[in-house]
Amino acid sequence: MLLKDEVGMLQRVPLFSAIEPTKLKLLAFTSDRVSYSAGQILFRQGDEGDAAYVILSGRADILVDSDSGPIKVAELEPNSIVGEIAILCNSSRTATVRAASPLEVLRIRKDHFLRLMSEFPEMTIEILRVLADRLSHTTADLIDARSAK
Amino acid sequence: MEPSLARYIWTHTKKQQLWILMIVVLSMIPYFMSFDLPKLIINGPIQGRGFEQPGATQPFMRLHYNLPFIGEVQFFSGFQLDREATLFALSLVFLLLVVINGLFKLYINTYKGRLGERMLRRIRFDLVDRVLRFPPFYFKRVKSAEVATMVKDEVEPLGGFIGDAFVQPVLLGGQALTAMLFIVVQNFWLGMIAAGIVAIQIVLIPRMRRRLIVLGRERQLTARALSGRVGEIVDGIGAVHVHDTSNYERADIAARLGLIFKIRFDLYQWKFMVKFLNNFLAQVTPFLFYMIGGYLVIQGRLDVGQLVAVIGAYKDLPGPMKELIDWDQARQDVQVKYQQVVEQFTVDRLIAPRIGVLTIDDPDPMTNPLSAINLSIADDGGAMLLDRVSLQVKPGETVALVSTATGGAEALAEAFARLNWPDSGRVASGADDLLELPEAVTGRRMSYASSDVFLFQASLRDNLLYGLKHAPLTSVPYDGAAADQHRWNMHEARLSGNPDLDIHSDWINYASAGATGPHDLFEAVRRVLDAVVLSRDILDLGLRSSADLTRHTELARRIVELRAALRTRLEHEGLSGLVVPFEPGAYNKEATIGQNLLFGAAAGPELADRALAANPYFASVLRQAGLDRTLYEMGMEIAEQAIELFADLPADHQFFQQLTFMSAEEIPTYETLLQRLKNRPHEAVSENDRAMIVTLSFAYIEPRHRFGLLSDELMSKIVAARNLFYENLPPELQNAIERYDPAKYIAAATVMDNVLFGRVGKNHPDAPDRIRSIVYDILDELGLYAELLDVGLDFNVGSGGRRLTSGQRQKLDVARALLKRPDFLILNRPLSALDQRMQDKVLRNVLEEARRDAHSPAIVWVVTNPAMGMMFDRVIVFDMGKLVEDGTPETLLAGNGIFKELLS
Numbered sequence: 001m002l003l004k005d006e007v008g009m010l011q012r013v014p015l016f017s018a019i020e021p022t023k024l025k026l027l028a029f030t031s032d033r034v035s036y037s038a039g040q041i042l043f044r045q046g047d048e049g050d051a052a053y054v055i056l057s058g059r060a061d062i063l064v065d066s067d068s069g070p071i072k073v074a075e076l077e078p079n080s081i082v083g084e085i086a087i088l089c090n091s092s093r094t095a096t097v098r099a100a101s102p103l104e105v106l107r108i109r110k111d112h113f114l115r116l117m118s119e120f121p122e123m124t125i126e127i128l129r130v131l132a133d134r135l136s137h138t139t140a141d142l143i144d145a146r147s148a149k
Numbered sequence: 001m002e003p004s005l006a007r008y009i010w011t012h013t014k015k016q017q018l019w020i021l022m023i024v025v026l027s028m029i030p031y032f033m034s035f036d037l038p039k040l041i042i043n044g045p046i047q048g049r050g051f052e053q054p055g056a057t058q059p060f061m062r063l064h065y066n067l068p069f070i071g072e073v074q075f076f077s078g079f080q081l082d083r084e085a086t087l088f089a090l091s092l093v094f095l096l097l098v099v100i101n102g103l104f105k106l107y108i109n110t111y112k113g114r115l116g117e118r119m120l121r122r123i124r125f126d127l128v129d130r131v132l133r134f135p136p137f138y139f140k141r142v143k144s145a146e147v148a149t150m151v152k153d154e155v156e157p158l159g160g161f162i163g164d165a166f167v168q169p170v171l172l173g174g175q176a177l178t179a180m181l182f183i184v185v186q187n188f189w190l191g192m193i194a195a196g197i198v199a200i201q202i203v204l205i206p207r208m209r210r211r212l213i214v215l216g217r218e219r220q221l222t223a224r225a226l227s228g229r230v231g232e233i234v235d236g237i238g239a240v241h242v243h244d245t246s247n248y249e250r251a252d253i254a255a256r257l258g259l260i261f262k263i264r265f266d267l268y269q270w271k272f273m274v275k276f277l278n279n280f281l282a283q284v285t286p287f288l289f290y291m292i293g294g295y296l297v298i299q300g301r302l303d304v305g306q307l308v309a310v311i312g313a314y315k316d317l318p319g320p321m322k323e324l325i326d327w328d329q330a331r332q333d334v335q336v337k338y339q340q341v342v343e344q345f346t347v348d349r350l351i352a353p354r355i356g357v358l359t360i361d362d363p364d365p366m367t368n369p370l371s372a373i374n375l376s377i378a379d380d381g382g383a384m385l386l387d388r389v390s391l392q393v394k395p396g397e398t399v400a401l402v403s404t405a406t407g408g409a410e411a412l413a414e415a416f417a418r419l420n421w422p423d424s425g426r427v428a429s430g431a432d433d434l435l436e437l438p439e440a441v442t443g444r445r446m447s448y449a450s451s452d453v454f455l456f457q458a459s460l461r462d463n464l465l466y467g468l469k470h471a472p473l474t475s476v477p478y479d480g481a482a483a484d485q486h487r488w489n490m491h492e493a494r495l496s497g498n499p500d501l502d503i504h505s506d507w508i509n510y511a512s513a514g515a516t517g518p519h520d521l522f523e524a525v526r527r528v529l530d531a532v533v534l535s536r537d538i539l540d541l542g543l544r545s546s547a548d549l550t551r552h553t554e555l556a557r558r559i560v561e562l563r564a565a566l567r568t569r570l571e572h573e574g575l576s577g578l579v580v581p582f583e584p585g586a587y588n589k590e591a592t593i594g595q596n597l598l599f600g601a602a603a604g605p606e607l608a609d610r611a612l613a614a615n616p617y618f619a620s621v622l623r624q625a626g627l628d629r630t631l632y633e634m635g636m637e638i639a640e641q642a643i644e645l646f647a648d649l650p651a652d653h654q655f656f657q658q659l660t661f662m663s664a665e666e667i668p669t670y671e672t673l674l675q676r677l678k679n680r681p682h683e684a685v686s687e688n689d690r691a692m693i694v695t696l697s698f699a700y701i702e703p704r705h706r707f708g709l710l711s712d713e714l715m716s717k718i719v720a721a722r723n724l725f726y727e728n729l730p731p732e733l734q735n736a737i738e739r740y741d742p743a744k745y746i747a748a749a750t751v752m753d754n755v756l757f758g759r760v761g762k763n764h765p766d767a768p769d770r771i772r773s774i775v776y777d778i779l780d781e782l783g784l785y786a787e788l789l790d791v792g793l794d795f796n797v798g799s800g801g802r803r804l805t806s807g808q809r810q811k812l813d814v815a816r817a818l819l820k821r822p823d824f825l826i827l828n829r830p831l832s833a834l835d836q837r838m839q840d841k842v843l844r845n846v847l848e849e850a851r852r853d854a855h856s857p858a859i860v861w862v863v864t865n866p867a868m869g870m871m872f873d874r875v876i877v878f879d880m881g882k883l884v885e886d887g888t889p890e891t892l893l894a895g896n897g898i899f900k901e902l903l904s
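As they're listed, the protein sequences go chains A and B.
Just so you know, the first sequence maps onto residues 1 to 149 in the UniProt record's numbering.
Just so you know, the second sequence maps onto residues 1 to 904 in the UniProt record's numbering.
It should be emphasised that the hints constitute simulated quantities derived from the structure, not laboratory data.
All residues carry an ideal CB built from backbone N, CA and C; glycine is no exception.
Hints should not be assumed to be uniformly reliable.
[To be verified] Here chain B is said to cover these stretches of chain A; the calculated rule only asks that three of the stretch's residues, wherever they fall, bring their Cβ under 8 Å from a Cβ of chain B:
{"#": "1", "region": "7 to 13"}
{"#": "2", "region": "23 to 37"}
{"#": "3", "region": "106 to 117"}
Starting from the given sequences, assemble the full structure and let the hints guide the process.
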């Protein structure tokens with residue numbers, strides 16, 4: 001996959017859709033292309049967050065540790081981004097991500113990601129939007145869960 | 001040291017001085033003979049005196065003398081020669097005298113020069129020898145750069161002077177005196193006039209020179225202080241930048257240079273003033289002759305002949321006088337310099353020579369307890385560091401010294417190491433005062449390491465083994481020219497009062513490290529490195545450096561085996577994708593295009609980095625392979641992409657780390673280049689511009705940069721070009737490149753690159769770490785672990801060891817102290833740069849390693865954390881310079897003292 005295809009993929013990620021293609025190209029160029037085989041771990045719950053990942057092809061599982069072993073809580077599909085929370089909050093990873101099939105990802109390093117945010121407000125706003133969206137979803141889920149009790 | 005320079009020179013060179021004086025006097029004979037000869041030639045054969053008759057002959061080389069009482073005696077009647085033959089004969093004699101005079105001069109100058117150089121060598125050695133014997137406190141006050149400049153620069157002029165020290169005044173004084181006498185003989189009163197003027201010169205000039213001496217001393221002191229300051233700036237460069245004080249330093253240096261300038265300028269002014277006066281006095285004498293002598297002639301009291309003779313004789317006087325005065329000037333100059341240096345090197349309580357005397361045989365173990373008796377030590381400010389402390393450390397005992405902030409345990413450790421001398425009381429080994437023991441005992445049977453580590457600028461190995469180099473233990477067999485050279489070296493060393501110790505001998509005392517020779521020393525080294533947890537760091541250094549193949553032959557010999565083992569292992573673990581190996585007939589996608597073309601490691605500057613594209617042979621290969629245009633277009637494409645991506649970014653943006661083709665500074669250059677070359681046909685582009693563009697393509701790696709520029713066809717073309725390149729490699733490039741060969745070790749590449757023989761794929765995030773641990777495993781399996789450690793030991797630690805981290809330096813210092821296997825191991829907060837966990841680990845290892853093989857040294861350890869005391873037999877607690885608690889850790893813990901308080 002070439003740089004220009006990656007740019008095309010990045011454009012399809014909601015977070016980056018508002019950013020102009022030349023900047024996306026820069027982001028793609030300065031990021032590492034990494035491949036994983038099925039079962040390999042991208043990062044583990046509790047690790048320090050040093051990068052965010054954009055899934056280019058393949059699928060990955062999000063796992064959370066529990067008393068009865070890891071539980072799969074979600075699945076990642078191409079064009080999704082994962083791992084950005086730990087970067088933003090300077091916290092450790094809240095979940096483990098494992099490749100469920102041969103996986104191609106773009107690894108965006110923490111300092112690059114933060115630099116991009118400070119340079120492109122439109123991207124920051126987009127990230128805020130996504131996060132706010134997730135928060136409202138989570139809140140709705142919480143209300144559902146409480147009322148179902 | 002001898003305070004008078006003249007006496008110093010005379011003591012060491014009187015025989016030589018007398019000899020050279022004799023030679024100089026001897027050389028006068030042919031010298032004066034050659035004066036007389038031109039007259040003989042002109043008057044005789046040329047003008048024809050004595051050859052008035054055709055066919056007349058004259059005797060040549062007739063030896064006859066008028067001896068008193070006996071009358072004329074003829075020794076040899078001579079050859080009868082006619083006019084032409086006499087001319088030739090006399091001319092040849094003249095030539096002979098020229099040669100003899102020249103040879104005399106050559107011999108005298110060489111002799112004097114050698115004499116001077118030998119004395120210079122002696123002085124320098126004496127000075128450094130004294131530095132080695134200075135008491136420790138002296139070094140708190142001197143700057144190293146000042147000492148260095150004294151030894152190197154300030155005594156330098158002495159060498160030139162020493163040869164002339166005695167010969168010159170005798171010779172010139174003799175000449176001047178003769179000329180004077182000659183004048184007096186011609187006319188007494190005119191002679192007195194000349195003598196009067198000379199007397200004025202002799203009295204006045206030295207008086208005026210006194211100021212010159214003062215200025216000369218100031219010049220020397222200011223110059224020395226300058227070099228001290230420059231040394232300080234270099235050592236403290238970090239502090240200068242951290243505090244933005246570089247301009248303060250500039251101002252300080254400028255002020256010092258201004259002062260030096262002023263002193264030097266004053267010096268010049270005075271010097272030329274004195275010179276002027278001197279010349280004037282010399283010229284005033286003929287004036288007096290003309291006036292007074294002339295007046296006397298007119299008056300008829302002196303005849304013209306006498307006056308002319310006096311004036312004639314006078315012309316021989318100013319020359320020697322002037323040189324004599326110059327000599328005196330030089331004498332005063334070097335005398336001042338010498339005194340200045342000697343003053344600095346005259347120090348109280350110099351360590352006696354017997355303490356540091358060379359001892360070949362190892363001393364007996366120290367079986368007596370080490371004790372401090374009423375020991376008090378004050379710091380430079382007079383504050384008490386230790387106040388009447390008495391204690392005893394028995395052989396084999398392990399003692400932790402625990403100290404509060406003002407405790408003084410460090411001072412005690414330094415006193416045991418003889419680095420801090422007692423102000424009162426003493427430190428003793430049994431009944432002997434420790435300071436009276438020779439270093440051959442304390443330096444071999446005791447060892448010391450502290451947090452303040454000094455490493456020499458040499459390899460890790462040299463620094464580690466430094467503590468074993470006490471005496472030359474082998475005599476090196478020399479043969480042929482080397483033997484002559486060695487004999488000469490030793491002979492000269494003795495003549496200059498230097499020791500005749502051979503630096504090339506093997507100085508390493510293997511026995512004290514528990515080894516028998518170079519072959520099994522490594523075991524001991526490895527154990528101490530393991531003990532201080534430094535082996536892994538050194539292995540890493542070894543992997544990253546290129547091995548010296550003359551020393552590490554094993555690596556090169558087994559490289560094929562190593563590479564194969566790595567492949568098998570990677571396959572076995574399903575990691576084959578991690579490394580893409582170099583194969584002579586295939587393109588390596590993880591390597592750059594440049595590496596694929598060259599397929600070798602550049603061993604010289606001709607084919608390295610940027611020079612590659614500009615190399616004419618390489619360019620011709622590209623043309624032949626039909627790659628020149630392709631790579632040019634590729635370079636243009638890369639330049640465009642790079643500029644599009646990076647042109648708007650500020651030069652310090654971190655994204656530039658990813659841009660491997662060009663640096664941030666080069667972007668504007670390439671931007672203009674791109675505009676200029678766009679749409680211009682390939683043929684019309686100049687060689688230089690073409691190289692600039694083609695170079696960009698050399699750094700390209702498809703999987704990493706992903707511009708989509710590499711096709712299968714291009715790859716096969718590149719592999720073909722590679723073969724073409726090696727087929728016709730011109731002889732001058734043979735040594736500039738080492739071709740990758742799966743069966744050969746590449747000397748110019750690092751050990752890691754050699755083992756990998758390929759490139760690590762970029763798209764595996766943890767590949768480098770995994771591969772490194774696999775490589776270590778393999779080296780260990782194949783028994784090459786030691787070899788790699790040895791490669792790492794070649795690492796040069798840099799000035800003061802600054803290429804190592806402070807933690808590594810401290811570990812190395814402890815390893816060095818351990819390696820000696822001492823009877824008393826003194827460790828003074830040795831690991832302060834490490835975290836507590838690591839300190840505990842090293843402490844445990846060191847205690848174990850020191851007691852290996854039933855060895856049981858006493859260990860005195862000034863601990864940074866009281867809890868570490870729990871690992872020792874005995875804990876001694878210091879507070880306010882006093883010993884406050886002493887006992888086993890358990891008893892102290894059971895009590896209610898400071899130790900318990902410190903622990904909680």
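Status of each hint after checking the structure:
1. 7 to 13: Since three or more residues must qualify, the claim that chain B covers the region 7 to 13 of chain A is violated, with 0 doing so at under 8 Å.
2. 23 to 37: Since three or more residues must qualify, the claim that chain B covers the region 23 to 37 of chain A holds, with 9 doing so at under 8 Å.
3. 106 to 117: holds (count 4)
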